[in-house]
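First to last, the sequence lines map onto chains W and H. For what it's worth, our numbering labels the leading residue of the first sequence as 84, then goes sequentially. For what it's worth, our numbering labels the leading residue of the second sequence as 84, then goes sequentially.
The reader is advised that the hints may include incorrect statements.
Identical copies go unnamed one by one, so any copy, or any two together, can satisfy a pair.
Said to hold, decoys possible - As a list, the in silico DMTMM-like pairs of lysine to aspartate or glutamate whose alpha-carbon atoms are at most 20 angstroms apart:
1. K228 x D259
2. K228 x D261
3. K218 x E317
4. K363 x D146
5. K355 x D322
6. K363 x D173
7. K129 x E90
8. K164 x E154
9. K355 x E225
Rather than coming from a laboratory, the hints here were simulated on the basis of the structure.
Protein chains: 2
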Amino acid sequence: MTTTMTESIWLNGDIMPLAEARIGVEDRGFQFADGIYEVIRLYNGKPFTLDAHLRRLQKSARDIQLPLPIELADLQNEIAKFLTRAPLRDGMIYLQLTRGSAPRSHAFPQCKPTLLFYVRVLPPIPEPPAAEGVKLLTVPDERWKRCWIKSVALLPNVLAKNQALAAGADEAVFIDNDLVTECSSSNVFAVIGQHLITHPVGSKVLPGITRQVLLELAPKLGLNVDERPFSEEEARRADEIFITSATREISWAARWNDRRVGQGRCGPITLKLHSALRQKIARETA
Amino acid sequence: MTTTMTESIWLNGDIMPLAEARIGVEDRGFQFADGIYEVIRLYNGKPFTLDAHLRRLQKSARDIQLPLPIELADLQNEIAKFLTRAPLRDGMIYLQLTRGSAPRSHAFPQCKPTLLFYVRVLPPIPEPPAAEGVKLLTVPDERWKRCWIKSVALLPNVLAKNQALAAGADEAVFIDNDLVTECSSSNVFAVIGQHLITHPVGSKVLPGITRQVLLELAPKLGLNVDERPFSEEEARRADEIFITSATREISWAARWNDRRVGQGRCGPITLKLHSALRQKIARETA
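Chain W on its own, in the form it takes in the complex:
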C-alpha cells in the first residue's frame, strides 16, 4: 500500500507513515480513555483557529491533570514544520494526547505521555443552501458531567451517532431534562426571530471553536446572542436550526425527529452566519 505525504503522522516527535504508526496495548488512551484530542481544519494549507484549539487542548489537559509534554509554542512549530512536509490544502489535523503507556492501574503512573497528530483530506463541504439539510434525532443525554473536556472517552457519543444513523438521521441531539445540550459531534443552535440561541458550555456542552467564532460574529450581523439553556419545545418552534463543528462548519437542519424545521430550507440567518464564517476563514487562511 502506498502512503502519500498526506497520510503521514507525527508521533512523539517522529514522523512516519500513518499506516505504520503503532502504540502499545498498555497505552492509557487504549485501556482507560485517559486522553484528549483536537480536530483542526486546514484551509489553503493553513490551520484555522489553531490558537483557540491549542488553548482548549491546554485546558482539557489541565482538567484531567495531564501535564502537556511540550510547550504550546513548540507544538505549534512542530505542526507548522509538519505541514510544510505534508502540503495538504484542504482537510483536517487530528491531534491526540494520552497519559502514555504503563502497567495497567487506575492510579496516574509516572510515564511519558503519548502525543501525535496527522492530517487527513476532507471531501469538499457543499455550501448551504445547496447542501441537503441534516436530519436530527433526539436522544437522552446519558453522558458524563464534564463534557467541557474534549476527552477520547467518546463511546456515548459513538452510540448516539449510530442510533441516529440507524434511524435514518444524520446526527443525534442530546436532550438533558428536556433541555437541548449539544450533538454527538457538533454544537446546536436555534434561531428564533433575530435571536441566536445555544446552550452555555459546561457540564453538558463542549466549548466548540466554531460555536465560539459564530457567537462572536453574530452581534456584528445584528443578531441577539442568547447563550442559555433552551427546551426541546422551543427548538421545535425555531425558525432555523443548525449545527456546527470544525469539520462541518455549519450544517442547516431540515428535520427534528419526524418534524420539518422552519420552512424546510436553509434559513436566511444560517446563510448569513455561514457567509460571515467563510469570510473570516478566507481572511485568516489567505
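Please arrange chain H on chain W, whose structure you already have, making use of the hints.
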C-alpha cells in the same frame, strides 16, 4: 529487556511478548473508547468464574452493538491454551475487545475487531483481618448512565480514583443523588445487623462478578440480602462496609471520609463472607 512467559499476550490470534504488542493509532479503542474489557482472576493457574466473565463480555458487546469476533467456547479454548504456555499460578487475565481500526469517524466502520488478552502476576492479597482497612472518599457520581457496560471509557473512574489517592484515601465511592452506587473500580456493600445491602446493578452499577458471587453466598450464611439503593447517611451508620472486585476479592473499609466505619476493624460478617469466598475459590480452582 527480557520478557518472561508471564508477560506474553494473545493479540488477534497471535502470541507475542507483551512489550512488543502494538495497535494502530486509528484503533477505535484508542480514539473513541469504543471497546470493552474484562479482568479475570487466576488462582492455582486456573481462571476463577471465567464463564461469568465471558457472559458479561458478551452482554457488554451486545450493548455497544459490537459482534464478538469469536465464539465464547473458542475464546475459552484460546485462553486455556495460552495459560498452558504461560503457566502463571496467581494473577489475572486482562482481556480487551475493541471495534478495530478504521479511518476516524463516529459511524460504526466495517472492520475487524481487535481482541487481546494477557496475564499479569498479582501481589498476594493480605487476608482480612490482617489486611489494613481501606479508606473511602465519597465523590459525586458524574459518570454516564450505562455503567452496566464494562467499557474502556474509564476516564471518569480514573479521575475519581486519583482524587481519592490525592486525599490520602484508597478508593472513591460514587454518590448519585445521595445514593451510594459503587466505587471507581469495585462494588460497595454495607452491613447493618444481619443485612447485606448493595445498590442494584444498572445505569450506575456494574454487575461485578465478585459482587454476584457474594450475593449468592450470603443467604447460605444466614444473611438477608437487600439489593436496593441506600443513602450515604445509611452507609455512615453501617456496622461494616466492604468493597469487592476480582483483583481485590473483599477489602474491609476502615474509613468513610473522615469517619471511622463501625468498630474500626474488619467486622465478623465481612470475615465470614471472605472465608466463604475463599472456600469457593479453593473448590473451583483446586
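Evaluation of the provided hints:
1. K228 x D259: For K228 and D259, the Cα distance is within 20 angstroms both inside one copy (11 angstroms) and across copies (12 angstroms).
2. K228 x D261: The answer is both: 16 angstroms in one copy and 16 angstroms across copies each meet 20 angstroms.
3. K218 x E317: For K218 and E317, only the intra-copy Cα distance (17 angstroms) is at most 20 angstroms; the inter-copy one is 47 angstroms.
4. K363 x D146: neither (30 angstroms within a copy, 43 angstroms between copies)
5. K355 x D322: within (14 angstroms within a copy, 66 angstroms between copies)
6. K363 x D173: within (16 angstroms within a copy, 62 angstroms between copies)
7. K129 x E90: For K129 and E90, only the intra-copy Cα distance (17 angstroms) is at most 20 angstroms; the inter-copy one is 45 angstroms.
8. K164 x E154: within (15 angstroms within a copy, 48 angstroms between copies)
9. K355 x E225: neither (34 angstroms within a copy, 38 angstroms between copies)
In this structure, the hints that do not hold are numbers 4 and 9, in rising order.
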